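Chain by chain, the residues:
Protein chains: 2
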Amino acid sequence: MANINEVAKKAGVSVATVSRVLNSPNVVTPKTKAKVEDAINKLNYEPSMLGRNLRNSESRLLLVLVPSISNPFYIDIIKGIEQSALDQNYNILLCETDSNPEREEIYFDLVRKKMADGIISMDPAVNIDTLKELSKQYAIIQCSEYSEESDIPYVTIDNEEAAYRAVKHLIKLGHQEVALFNSNEKYLYARERKQGYMRALQEYGLPIHDEFIIMTDQLNFDSGIEATKRIMNLKDRPTAIFSVSDLLAVGALKEMNRTGVKVPEEMAIIGFDNIEFSNMTYPTLTTIAQPMYQLGTVAANMLIEKVNGGEVSNTILNHELLIREST
Amino acid sequence: MANINEVAKKAGVSVATVSRVLNSPNVVTPKTKAKVEDAINKLNYEPSMLGRNLRNSESRLLLVLVPSISNPFYIDIIKGIEQSALDQNYNILLCETDSNPEREEIYFDLVRKKMADGIISMDPAVNIDTLKELSKQYAIIQCSEYSEESDIPYVTIDNEEAAYRAVKHLIKLGHQEVALFNSNEKYLYARERKQGYMRALQEYGLPIHDEFIIMTDQLNFDSGIEATKRIMNLKDRPTAIFSVSDLLAVGALKEMNRTGVKVPEEMAIIGFDNIEFSNMTYPTLTTIAQPMYQLGTVAANMLIEKVNGGEVSNTILNHELLIREST
DNA sequence: TCCATCTGTGTAATCGTTTTCAATTAATAT
DNA sequence: ATATTAATTGAAAACGATTACACAGATGGA
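These protein sequences, in sequence, are chains A and B.
Just so we're aligned: the first sequence equals residues 0 to 326 in numbering that gives the first Met the number 0.
Just so we're aligned: the second sequence equals residues 0 to 326 in numbering that gives the first Met the number 0.
Hints in this document: simulated from the structure, not taken from any laboratory.
In this list, chains with the same sequence are indistinguishable; a pair is considered to hold if it fits within one copy or across any two.
Here are the simulated EDC-like cross-link-like pairs (lysine to aspartate or glutamate), alpha carbons at most 20 Å apart as the crow flies:
1) 112 / 36
2) 112 / 5
3) 78 / 101
4) 112 / 86
5) 112 / 57
6) 34 / 5
7) 193 / 176
8) 135 / 104
9) 9 / 36
10) 41 / 132
11) 112 / 45
12) 171 / 160
13) 131 / 45
14) 135 / 45
15) 171 / 264
16) 41 / 108
17) 112 / 37
18) 305 / 144
19) 78 / 104
20) 193 / 216
The structure presented is a predicted model; accordingly, all values stated were derived computationally and were not measured.
Given these sequences and hints, build the entire structure.
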């Protein structure tokens with residue numbers, strides 16, 4: 000476990016020279032460089048990042064705050080972040096908050112204590128006041144979900160437009176009664192998607208049935224089943240469902256299969272996200288595809304730019320309507 | 000961005016005392032403690048982990064090496080690891096190798112450079128020679144997949160027995176022709192599960208058809224579809240499939256749905272892992288449930304024990320046959 | 001030949017903690 | 001009141017790198 004001093008001694012040079020061989024090899028004479036490299040090899044020296052990080056006051060670690068890694072939506076985003084981070088010599092600290100404020104505090108402390116150089120927040124349930132406070136001092140980017148009135152930079156898609164297109168697609172297929180499986184409207188994306196839903200209905204002069212709008216607490220499979228049961232118990236049922244998450248839609252699909260309702264003939268279903276699994280279901284799921292991987296790379300690049308003192312501006316990425324078997 | 004010196008000055012004590020207030024509050028007088036805490040609050044002081052880590056020569060970071068985070072099998076393991084780590088004041092560095100040796104090297108370098116205190120390896124395709132070499136100097140645990148001839152501690156399940164039970168279950172349902180969707184036999188778990196498969200067949204005096212044994216390169220949905228097509232093209236088809244991964248089985252299910260083959264009537268399918276999705280499919284998937292979360296917590300506890308110089312011994316956890324609709 | 005310039009290298013300070021050891025103060029026993 | 005012991009505190013040395021600054025030797029021009 001040699002350190003830079005031993006290498007310097009063995010090579011007969013100063014520690015400064017060893018450091019230079021490592022960090023700016025061009026300023027040092029080929030001859031001394033060779034001596035130093037020889038010593039490094041002989042001693043099996045590996046520079047310690049602990050010393051390096053302290054001296055440079057950086058950790059080269061990026062905090063990635065996710066509500067839950069069980070939702071595959073985040074998986075591709077994380078892959079994108081990881082790739083961008085790696086390309087720029089950063090690593091990621093993946094943190095699942097489970098929408099648990101205590102956990103969140105643990106993770107926030109990591110950046111306060113300099114264990115992380117910045118944060119990518121993807122948790123809609125994040126404590127936005129703390130986040131705003133932190134953003135005065137630390138580099139922070141919001142990815143996918145964001146807060147309007149904070150001036151924290153974000154990358155996302157046009158949720159209103161995406162929802163509008165999804166519902167328009169259903170209407171054009173002849174559906175007049177479209178249910179909405181939404182999440183809690185305290186989240187911006189939920190409000191925006193609902194607006195898109197309403198705009199489409201209004202544009203085609205269709206009435207809005209309040210009982211067709213189901214709010215679920217969580218975006219998961221079970222909530223999808225639950226919401227579907229409520230819809231199916233209505234005496235006037237809708238003929239199509241627009242779900243703001245593929246996981247909810249998969250739950251709906253499952254419930255249809257269980258009760259023998261034919262999809263898309265008796266009930267059309269459209270999801271949101273384009274998670275991998277949406278293509279594995281029976282029938283496959285029509286959905287709004289979000290550019291997850293790209294959301295990740297862009298978020299990471301923005302964050303690193305910000306860590307290095309640069310200015311970044313908000314980014315809206317493109318989405319896409321993916322028509323498959325469920326509509 | 001105050002440091003310990005400024006706090007000491009403001010409180011009128013030495014830095015040693017400040018450090019003690021933080022790390023062993025009981026040895027310092029209540030009065031001085033109050034002074035120090037007051038100064039800490041006034042200055043908004045947060046101790047830097049960079050300094051701390053250098054001094055303690057530790058990073059309190061655990062490297063988690065996963066082949067791919069797209070496979071939900073690893074998600075619950077990761078959750079378990081994270082919980083255990085957090086409980087003991089560690090954090091995890093999640094690293095997806097994508098079975099890419101270059102990436103793997105980047106991650107290995109993190110432990111060589113003291114950026115991580117230990118490794119939990121879950122990648123079957125890991126470079127075992129490098130891993131063995133590293134294990135002489137660093138704390139390493141293998142989780143789920145392991146190498147027999149290395150003396151790196153591991154936690155896993157009894158793969159042979161699990162496979163045996165799965166196939167026995169199919170046989171008891173009357174299936175005489177059982178296909179095996181396996182992964183490459185260079186992996187230990189693949190060899191063990193194949194052995195369990197053969198033991199069950201032999202025990203019931205059933206012949207082993209080589210053409211019923213399909214080896215797939217990857218454990219994903221597409222490979223499952225591919226393998227199913229090959230099986231269905233045989234003139235003598237099996238009546239049941241034992242797949243060593245739920246993802247493969249989901250692919251098989253999808254292909255059955257597409258071609259109108261009834262599951263389980265015309266083809267029974269049993270998976271392995273019990274990923275969340277296995278309960279969302281149509282029909283739901285019978286599977287061998289692995290204790291993923293527990294694999295994670297145990298692996299993390301073992302690793303931390305080892306990081307602290309303790310000795311750990313290999314652990315075999317229990318699995319369970321989960322009978323659902325696909326058999 | 002001499003001075004100016006450029007290159008390569010070394011010295012030592014610095015990043016922010018923890019901890020050993022010594023010194024001081026407080027507490028207890030005589 | 002004094003000697004002895006115990007409890008608090010402080011000074012200074014690590015931990016392992018990077019880098020500003022100074023210095024020496026080489027190069028080139030006049």
